[in-house]
Amino acid sequence: MKSIICKNLTKVYEVNSKKINAINAINFEIDNGEIVGLLGPNGAGKTTLIKSICNLITPTFGEIYVKGVKNSVNSHHLYNYISAVLEGNRNILWRLTVKENLEFFAGLQGYSSSSVKREIEYFLNLFQLDEKRDIEARFLSRGMQQKLAITCALIKKTDIIILDEPTLGLDVEMEWKMREFFENKDFLNGRTILISSHNMNFIESVCDRVIIINKGSIIEDNKISKLKSFFRAKEYEIVVTTPSDLKIFDIIKEKFEVNIKSDTNITKLSLITSDSIQPLIDIMKFVSEIGLNIISIYSLEPNLEKIYTKLMKNKVYE
Amino acid sequence: MSRHWILFKTVLKRNIIEMRRYYVDTIGYVINYYLIFIFLFIGYKSLISNVSFTTFPIEGVVIKYIFWLFSVGTLAGTARFIIQESRAGTLEQIYMTPLGFNTIIFYCILADFITQLIYIIPVFFLAMLTIGKLFFIDILTFGIILFLTVLSGYGIGLIIGGISLIYKNALAIARNLQFVYIGIISLSVNSHFLIKFLPFTLGTNMALYTFNRKLALLNFPLTDILILVFTSMFYLFLGFYILHICEKIAKNKGVLGHY
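Quick mapping for you: the protein sequence lines, in order, are chains A and B. If you count the first sequence from 1, position 305 lands on 311 in our numbering, and the numbers rise without skipping. If you count the second sequence from 1, position 169 lands on 173 in our numbering, and the numbers rise without skipping.
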């Protein structure tokens, strides 16, 4: 059974009698145990999509199924399976302490304080909230509050966890901890996780697959490894000695599609090729002929950030 | 342990924690409520010098004041609760409970009623000490009448809470209703039959009889008991129904958790 199925999901808002398509005919499925990243620029429709899955927003058209049941039909079923940390919301009760917050959210899920005692201790230690257990949430730093919000979602012990911007406000060390945590297969134990974030490094290290949306539509839905192999070895960087006569670069630019970055000693020629490596051979031949010394040649490994940027610029399949 | 019991305990525990933690606020409320009563009492004393004492018995002033405090509390327990959770950004988290939004709101109402008792019982005793009279209280009769009476108030609070889900700032309505309730609670059910169907009126009048005539619940006319039960259920279910409609509209507009 799939964890989440979105069928033809569309949400149209009416603002001042004007119709705005927040999400437009979105289709995807998420398998049990998958960790999926949701990427997109601000206003792409990520939060609308997340809130629609959580049944906090009713879609205009389309259907969402969570563990086989339509999400709007049975809240008992839905919230037994889904917990979420929503971006921009406080998610936690400011007047309660860290421990009281955890007990409160476990209670909302129907777990008594005593039945989650062990989990509470585990999470307090893991997220370094132990010393702050008796501090009211309003006195915590932004990062600590974010950690607490995530912990409150985890304490609900749901099969599906949705995190909207989970690394917001976290320091570097904590972000690493969070990465380690989501990479820990023992904890995940078949859980499905959907993470929306602008933090590409986090998504790349944690997720198996990314869904990229822009202007309410999915522009890419693929395994990160596949996306990387698709882009691999298509970008090269040739480092040459900088010539005394810089006009030579104009000639190179006329003959080849390259980006040139130059300083006094070295010059980097960046070349993006199609499937063939012929342009790389040609440019190497040419720079040798005009007397430039080739210092090194790199095949640039694409990272998710580069892939995302290219997809956003719509250059990828050109 | 049943999930319902755990949910109720969770909501009540939160109220109690906040009451204890912000004890200055808690004590402040009690003092405030008592001070208002003192002024009412002073006003009453100057009034009875002109009017027959039997027309306006002091017990009536105390009971009606206590019921008014509860009526104000019902607005806080529902409308203000929904608005504040929405403002704090936690409404959506509270919404996402497997037992459902209506269930958690219902338990919030029960927990709020208990919390109100903690605030208002000391005021009640202080009021009795001030007037120098200890009332005979049939706790069971009084408790049942009070609980049924305030349910209608919670129903109205839910309607305002529902409106606030869509239009966000509905606190002004809640504030104005506090004053409307003074009028409603002051009404006598003998002036017109239909007045019994207003929230608070019949219950307040019945509570007065429990003191004046020492009536137990079963000594009241059956029609009055039925009207009291019907009125409380009617307003409560109307409240839940309108809240549900407003929740649907808010979800359609995508503004459930907005503030």
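Treat the hints with caution; some may be incorrect.
[Said to hold, decoys possible] Label pairs and their computed distance ranges (CB to CB):
{"no.": "1", "chain 1": "B", "residue 1": "G32", "chain 2": "A", "residue 2": "R139", "range": "26 to 32 angstroms"}
{"no.": "2", "chain 1": "B", "residue 1": "I20", "chain 2": "A", "residue 2": "D227", "range": "44 to 50 angstroms"}
{"no.": "3", "chain 1": "A", "residue 1": "E20", "chain 2": "B", "residue 2": "M23", "range": "40 to 46 angstroms"}
Source of the hints: derived by calculation from the structure; they are not laboratory data. It should be emphasised that the depicted structure is a prediction, and the values quoted were computed from it without experimental measurement. Just so you know, even glycine gets a beta-carbon here, dropped at the ideal spot from N, CA and C.
Which of the listed hints are not met by the structure? none
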